[in-house]
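Undergrad: Letter by letter, the chains look like this.
Number of protein chains: 4
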Amino acid sequence: MPGMHAGAHASVRKKVRDEEERRELMNRLKRIEGQVRGLQRMLEENAYCPEILTQASAVNSALNSFCRVLLTAHLRTCVSEDIRAGREDTVDELMAVLQKLMK
Amino acid sequence: MPGMHAGAHASVRKKVRDEEERRELMNRLKRIEGQVRGLQRMLEENAYCPEILTQASAVNSALNSFCRVLLTAHLRTCVSEDIRAGREDTVDELMAVLQKLMK
Amino acid sequence: MPGMHAGAHASVRKKVRDEEERRELMNRLKRIEGQVRGLQRMLEENAYCPEILTQASAVNSALNSFCRVLLTAHLRTCVSEDIRAGREDTVDELMAVLQKLMK
Amino acid sequence: MPGMHAGAHASVRKKVRDEEERRELMNRLKRIEGQVRGLQRMLEENAYCPEILTQASAVNSALNSFCRVLLTAHLRTCVSEDIRAGREDTVDELMAVLQKLMK
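Residue numbers (this note's numbering), protein chains in the order written: chain A, 77 to 179; chain B, 77 to 179; chain C, 77 to 179; chain D, 77 to 179.
Everything labelled a hint here was simulated from the structure, so no lab data went into it. Take the hints with a grain of salt, since some may be wrong.
Note that the list lumps identical chains together, so a pair holds whenever it fits in one copy or between two copies.
Here are the simulated lysine-lysine pairs, DSS-like style, with alpha carbons at most 30 Å apart [claimed, not checked]:
1. 90 / 179
2. 176 / 106
3. 90 / 106
4. 91 / 176
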């Protein structure tokens with residue numbers, strides 16, 4: 077499947093990522109999942125609030141890093157391809173997503 | 077009052093929450109864990125980047141809501157008790173945590 | 077005026093700050109005002125977008141630092157006094173403000 | 077196309093915006109400058125901390141809106157042109173800027 081490219085516009089747009097990139101992104105999500113279970117354990121063990129909040133903030137950072145890696149790949153591939161092919165609505169779509177991720 | 081040491085203080089500070097509060101917080105964390113696994117599924121299914129990013133931003137919001145509920149409880153209980161008992165370093169500790177959570 | 081304390085609850089609540097604290101906060105706001113005028117100059121001089129955005133992000137950081145300094149003082153004075161006096165709605169008020177400042 | 081150098085590139089990159097866009101951006105900055113002076117007045121008049129913090133958060137929002145408008149224009153013009161011309165380092169530059177603006 078690596079290298080295979082789904083039709084640029086299908087009814088639901090798909091994105092075939094190369095194996096290395098997918099693995100990195102999946103590893104990040106697995107670590108984040110582990111961190112969330114860590115928060116549950118802290119709660120079960122009656123941890124002090126500031127400690128839980130500090131760890132929650134670390135989960136947030138990990139999630140933001142995941143988004144940055146994904147966004148960089150997206151800009152370099154899908155967005156660049158679309159712009160070169162003259163598909164301008166990709167920029168509007170990108171701004172809509174950035175709006176959710178920006179401060 | 078400074079220097080007085082409440083019973084709840086052990087060498088590692090714990091926080092016994094009431095059952096209803098703990099359940100609400102745990103339910104939130106369980107939902108967040110499910111959302112993170114949802115992100116993993118989207119990745120496996122080659123979902124388009126903006127869709128993954130939009131869902132990641134929703135996980136972020138859920139995590140922030142969790143922090144807000146926890147922080148409110150913390151302010152109302154631990155911080156209020158400490159201030160009434162004259163333990164001022166609780167404010168410094170609170171600011172250190174807020175710094176991580178603030179924009 | 078330093079040390080004079082306005083009635084804890086007036087029809088509009090005031091906060092008399094000591095001179096040194098007020099000066100620090102005012103200096104920060106003056107610097108931020110200068111930075112905003114700097115952004116205007118960059119725009120007039122047709123600066124490249126990433127450079128303007130980088131500087132705008134620096135203004136944002138300065139604003140956040142101002143908020144942190146103000147919030148720390150607020151927690152140490154007004155909030156602590158209110159909690160010691162048994163005025164609990166101060167915590168709700170604080171959470172409403174924190175909600176705007178938090179990520 | 078890589079290596080081709082557009083006329084708009086000087087040793088310091090400039091961006092000539094059209095008059096309407098520049099006016100909108102300048103108006104936003106003028107309003108933000110006014111809001112910062114408003115914060116100074118509140119401080120002089122001993123306004124209550126939560127009120128100053130609420131207004132500071134509004135200044136933050138105005139600054140973020142300014143960034144969004146500028147970023148959208150940047151994506152539609154400079155970034156799109158560069159990508160079409162094969163200048164790939166524009167994406168790295170964009171990610172560096174986004175990193176500062178993202179949560």
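Undergrad: Could you place residue 90 and residue 106 in one of the four classes (within, between, both, neither) given a Cα distance threshold of 30 Å?
TA: both (22 Å within a copy, 28 Å between copies)
Undergrad: Should residue 90 paired with residue 179 be assigned to within, between, both, or neither, using CA atoms and 30 Å as the limit?
TA: both (28 Å within a copy, 26 Å between copies)
Undergrad: How would you label the pair residue 176, residue 106 (within, between, both, or neither) given a Cα cut-off of 30 Å?
TA: Both: 23 Å inside a copy, 23 Å across copies.
Undergrad: Are the CA atoms of residue 91 and residue 176 at most 30 Å apart within a copy, between copies, both, or neither?
TA: both (21 Å within a copy, 27 Å between copies)
Checked against the numbered hints given earlier, the structure satisfies every one of them.
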